[in-house]
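Whole structure, please, built from the sequences with the hints as guidance.
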Amino acid sequence: MVYDWMHLAPHMVLAGAGIFVITLDLVWGKLGRALAPWLTIAAAAAAGALALRAWGPGAVSWGGALVVDSLYVLFGLVFSVALILVTLLSLRYWPLDQERKPEYFGLLLLVTAAVYFMASSLDLILIYVAIEFSSILSYVLAGYLRRNPASGEAGLKYFLYGASASAVMLLGFALLYGMTGTTNLVGISEALPELGRSASDVGYITLVPGAVEIPGNWALFLAAGLVLVGLGYKISAVPFHMWAPDAYNGAPTPIAAFLSVASKASGFAVLLRFVLVLHPNLELVGGAWTSYVSVLAVLSMVIGSLIGIVQNDIRRLLAYSSIAHAGFILLGVVADTRLGYASVIIYLVIYAFMNIGAFGLASIVGHITGGYELSDYSGLGRRRPILAALLAVFLLSLAGIPPLAGFFAKFYVLAAIIQTGHYTLAVIAILMSVVGLFLYARVLKAMYFDRPEEAVPEVRRLSWAGAVAMVLCFVGTLAPGVYPQPLVAWAKEAIALIL
Amino acid sequence: MGGWIYTIAFYVCAALLVASALGVLLLRNLFHAGLSLIAALFTMAALFILLGAEFVAGIQVLIYVGAIAVLILFAVMLTQRIAEEKVKRYTRALLPGLAVALALVIVMILVTTGLTGYGFTPFATEDTVGDIGKALLSTYVLPLEVISLLLLGALVGAIVLARKEEEK
Chain A
1 MVYDWMHLAP HMVLAGAGIF VITLDLVWGK LGRALAPWLT IAAAAAAGAL
51 ALRAWGPGAV SWGGALVVDS LYVLFGLVFS VALILVTLLS LRYWPLDQER
101 KPEYFGLLLL VTAAVYFMAS SLDLILIYVA IEFSSILSYV LAGYLRRNPA
151 SGEAGLKYFL YGASASAVML LGFALLYGMT GTTNLVGISE ALPELGRSAS
201 DVGYITLVPG AVEIPGNWAL FLAAGLVLVG LGYKISAVPF HMWAPDAYNG
251 APTPIAAFLS VASKASGFAV LLRFVLVLHP NLELVGGAWT SYVSVLAVLS
301 MVIGSLIGIV QNDIRRLLAY SSIAHAGFIL LGVVADTRLG YASVIIYLVI
351 YAFMNIGAFG LASIVGHITG GYELSDYSGL GRRRPILAAL LAVFLLSLAG
401 IPPLAGFFAK FYVLAAIIQT GHYTLAVIAI LMSVVGLFLY ARVLKAMYFD
451 RPEEAVPEVR RLSWAGAVAM VLCFVGTLAP GVYPQPLVAW AKEAIALIL
Chain B
1 MGGWIYTIAF YVCAALLVAS ALGVLLLRNL FHAGLSLIAA LFTMAALFIL
51 LGAEFVAGIQ VLIYVGAIAV LILFAVMLTQ RIAEEKVKRY TRALLPGLAV
101 ALALVIVMIL VTTGLTGYGF TPFATEDTVG DIGKALLSTY VLPLEVISLL
151 LLGALVGAIV LARKEEEK
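Quick note, the sequences are listed as chains A and B, same order.
Heads up: the first sequence at position 284 corresponds to 284 in our numbering, and the numbers run straight through without jumps.
Heads up: the second sequence at position 130 corresponds to 130 in our numbering, and the numbers run straight through without jumps.
Keep in mind the hints are simulated off the structure, nothing from the lab.
Every residue, glycine too, gets a C-beta built ideally from N, C-alpha and C.
None of the hints are false.
Here are the simulated lysine to aspartate or glutamate pairs, EDC-like style, with alpha carbons at most 20 angstroms apart:
| id | chain 1 | residue 1 | chain 2 | residue 2 |
| --- | --- | --- | --- | --- |
| 1 | A | K445 | A | E373 |
| 2 | A | K30 | A | D97 |
| 3 | A | K492 | A | D336 |
| 4 | B | K164 | A | E99 |
| 5 | B | K164 | A | D97 |
| 6 | A | K445 | A | D313 |
If you only want the chain A side, here are some residues facing chain B, beta carbon under 10 angstroms, derived:
| id | residue |
| --- | --- |
| 7 | L8 |
| 8 | I19 |
| 9 | I22 |
| 10 | S61 |
| 11 | E99 |
| 12 | G106 |
| 13 | D123 |
| 14 | F133 |
| 15 | Y144 |
| 16 | R146 |
| 17 | L171 |
| 18 | L222 |
Listed below in structure tokens is the structure:
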């Protein structure tokens, strides 16, 4: 059996830095408080750089539980980027100043280690442990503001929802193990055809007796459905999205940014791992397994965009927008082609920058004015032209307006589903993009056309760290839009290496 | 073990489990409900023994009965007057709750009937503790280590959230 420590290097750097940051604070509080954010950023960068070494078709180690391949590398980079940006945003976010900072950064590092594990695990047990690891610490971070009841509510709701979803998912894992006798995804994939043959007598899934029957294996169909509940919660796809608006609303806004990007991406990492490893035998789930995913995708796009329109709190608005984006990203999985899977990665990389940008500005404006309502944004274009312009760029990119990167994210997903003939889905996606544009335009209107009823006072100053984070997000949102070829080629190569 | 003894033992345990689980839901005194929970967890352990999983049964008693249920009872007893408090048995969520429970039962039935005919037979093993130990330190050593990280993080998180206000 291979136990390759180098494969674990990024995970160990992150977890080690997390423990070090927490311990340093105990031993030497002053130094701990001063160093924590910088150690966090250094560890995130080091983990990303170490992960890069794993680029390739995949190396399995640690008893078949760990796999490092090109897919893991790209997801690892998204996690590292998210951690760095969120750390910069958290540095001077005032509600956090009243709480303990070193533990905050230590927990953030541990969550990032957990999502690294999620992206690189090949065994049901490790996948489950990693998902719980990231979820449990996320509940703590969402409820970190002890002086703010909304934050506690966010943590509690997130916890209750997450615990139920992961219990359901565990039932699915148990079923998979019961059918195949192994917890390893590769082993499960090899055992599935066996299952299909021996189940010839019950080879049809009867949804409505006598009417709706699909070729496939009942137990496997249920297992896949139960697993999809857990992953749907992680990526906040409708109908497993209910926690997201409340959690993003009450959590510290930088944490909301982290959850909406790293947590969502980690769910997609596990989903892609399942789909790509089980791919040769996935039709046993039921002939048209992609159509089940497409139901989630359509529901997410429609409900996320439509309910988002009536939100007046920018964090809730962005939460619904992130639900809609989960739907768009799922379309890449529905396409079930190399281009489709590559488009998922392209989308997530671009989404990381533009969404942290948007949440980051919500956090910065919240820091300066103390408010998160749309009315707090009225006249921002005149008061703070640069901040307003940046927010406009991120929102327009989220809406998918051409020269910006968000357009290419949507473009590749649409290209993938049109190539496979899903025209209805493509039409729904385009319609919902238009609705999404309306959603983001409400913020733009408030910033540039509304006059504030009373002067919005600025109670705190803009921090340089937040400004640096926003500039990085701006570059990340603009660069792939102007010159998308390297990212596209990279994502396509990552998928070609493993599928 | 004789087939019919096994069957009788199973149905006795199953009946006790259902009865004590209903007790948790329906007893109006929180302390009694807690005791009923302990009974439910014990019969669950007995079911594990019938399945030949002594180790899991032992862990079930140690952790669920020994730690979690007792902790719940302590919490009930240490909270002032909560033991005498009568809790409401029916809430507005009764109907949705029943619907979810019914759906779960249907899924369980479909799964158990759907699973027949597949070739996965439970493997008989003499030394379950030894096998689990070997598996934990070879194939599953990485998940084991990740769990230790998880516990550390959860502990830190719990302390941070529950600590007393600091003097400034």
